[in-house]
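*Asks:* One letter stands for each residue in the lines below.
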Amino acid sequence: MTVIQEFAKHPLAKYLRLERFPHIWCEGCGDGIILNCFVKALDDLGINMDKLVVVSGIGCIGRVAGYIKCDSFHTTHGRPIALATGIKLANPKLTIAVISGDGDLFAIGGNHFIHAARRNVDMTVICSNNFNYGMTGGQFGPTTPLDSYTTTTPYGNIEHPFNLVHLAAAAGAVYVARWTALHVKRLTESIKKALQKKGFKFIEVISPCPEIYGRRNKLGKSIDIMKQYRQISQIRHGYDPAKAEITKEKIIVGEFIDIEKPTYGELLQKQFLKIQKKVMGG
Amino acid sequence: MTMQKEVLTGKHLMQGDVACAEGAIAAGCRFFAGYPITPATEIAERMARRMIEVSGMFVQMEDELASMAAIIGASWAGAKAMTATSGPGFSLMQENIGLAAMTETPCVIVNVMRGAPSTGQPTEGAQQDVMQSKWGSHGDYGIIALAPASVQEMFDLTIECFNLAETYRAPTFLLADGFTGHLWERVVIPPPEEIKIVERKKPLVSPDKYIPFKPDKDLVPPMAYFGEGYRVHVTGLTHNEHGYPKTDDPKIQSELVHRLSDKISKNSDKIVRTYEFMLEDAEVAVVAYGIPSRSSLNAVKRAREAGIKAGLLRLVTVWPFPEKKVEELSNNVKAIVVPEMNCGQVVREVERVAKETPVHFLSKIGGELHSPSDIFEVIRRAAKT
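Read top to bottom, the protein sequences are chains A and B. Each residue of the first sequence is one higher than the last, beginning at 1 in my numbering. Each residue of the second sequence is one higher than the last, beginning at 1001 in my numbering.
Treat the hints with care, as some may be off.
[Claimed, not checked] If you want the footprint, here are the derived chain B segments under chain A, 3+ residues with CB under 8 Å: (1) 1055-1061; (2) 1072-1082; (3) 1233-1239.
To be clear, the hints were calculated from the coordinates, so they are not data collected in a lab. Cβ coordinates follow ideal geometry from the N, Cα and C atoms, glycine included.
Chain A extracted, bound-state conformation (with noise of 0.2 Å):
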């Protein structure tokens, strides 16, 4: 029996694009433990799978879309997010999600991420952040800690990171939280709320690449890697964002923001029933 043939014996196999396996991720890697949370929220919701659309950009999570069996689109760098706002506006019916990384939504695409979150889109947001540029052998990127070494930081990364959860909470996102790869229940189950609840939401999930930024790093294997997140993780839900800053020695995760606030799409039909009224009246 093939390794294949004995995956597809797994209950959570049939969301997966089998043929599409083995998956491209260096050993380690958190893409398929977020893959793997993503498809067990899917079967746990029972969400119909035929009006599920996956988006995602470039970079090693971007392939993710492949792997899913719905309707997925790998777009152009950066773009997931403006593509998915495209598809769920022309058929609201749809469930969108975009999973993508750090480098592809908040430095290439920042500027779609903080629109689509100011509209509130009506779209989950899954960011695996691995704090560098992993599938073009590890530059740095808008999250890459101070002092980090990448290769294009070679003596150390003298740019201020983003606080993802406090950027998406400021643009005006419904839903943030943050996990990071070894909170895998914690993480299923924030999908399945994001997936649930209507408007932008944002989950941010600390991702560790062993292989390449680990490395450089210094920070051992995935397992070590793992440990240190035991270590210094810290779950405080309803926890200002703004405060929520990822250090050496401290990662805050949890639930930061879930609040109810009009959808684009709430706000349009609104519009467009008012416009019928008049135009019926008049």
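Place chain B on chain A using the hints.
*Replies:* Relative to the frame of chain A, chain B by itself:
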């Protein structure tokens, strides 16, 4: 439910940009994403008002990168989708125009061309983005571009753009210019039943038998929408017929990229449209597209009055380039005159095809149209050689 008329049948005094928006709605466009830019803004403004009336979707995006991405997404969600811009925005769109070409996404991009490069002359018309519309995104791919010369054609050719985009699953451009976009003229909008509308070719097989990027004989694959149960994977990477990335197989890259060009070039006889005026016995022919063809027609008439056997070939389709027409013409005339509002773009194509026949180029940039006498003078000189 439709509250307002989708097709505004009747005679109107209308601005070019507005006629373009009405043409899109008549063609079935129900998704517009855009970003304000002179001289194309009026298209977005009209769409903002009209889309909601016809149960369509208007969204103003954060930039043109996003606008182009949004119409690709909307097209895959099943909507006929359009954006409108001018030079600076058109440059930003190139990235995702390549994505639309690679993923065979039907969509219409209106470029109301203005003086360039860079920010250039926002309020002046030009034809400086013609080569960019063919070659603007990286790589080889086929596109279609039509050039309107009147407000009526802003309406008619926008419909034609949608029909071609849907037929060939390729980004299709309305290459207008700032003069035509801002021009007010009479427009006759026919009743809906007289407007030819083409719908997208859908798969005729069940999802388990559907191969999303396997082309039919016309080289165009049938397209399933997101949400219909076909569970299609779409990627900008080189992909096989199943839509899955396959970037290390020379045969797959070669077949895919050749097909993206071939589906346009090999169907060019069906796509290309030109108009001919007084070419039967012509010795000097003007080859023009867009608004300079109007001054050209006047110049040709004036030349005839002066006893010069002149004629006009007007290219409605700029891309694919009407090679056969121009080649045939070059065999029948002594000289060709090409007026363009740029420093020489389509003239290069004419020269390539015309071979031995002398080609006289007449450039006009800066915010003025060619006057008929400008063109007449070149016709007269060409007739003497």
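*Asks:* Now, for every hint given, state plainly whether the structure supports it.
*Replies:* Hints, one by one, checked against the model:
By the rule of at least three residues with a Cβ nearer than 8 Å to a Cβ of chain A, the coverage given for the stretch 1055-1061 of chain B holds, with 4 such residues. Only residues whose beta carbon comes within less than 8 Å of a beta carbon in chain A count, and the stretch 1072-1082 of chain B has 9; three or more means the coverage holds. As drawn, the stretch 1233-1239 of chain B meets chain A at 5 residues by the rule of a beta-carbon pair under 8 Å; at three or more, the given contact holds.
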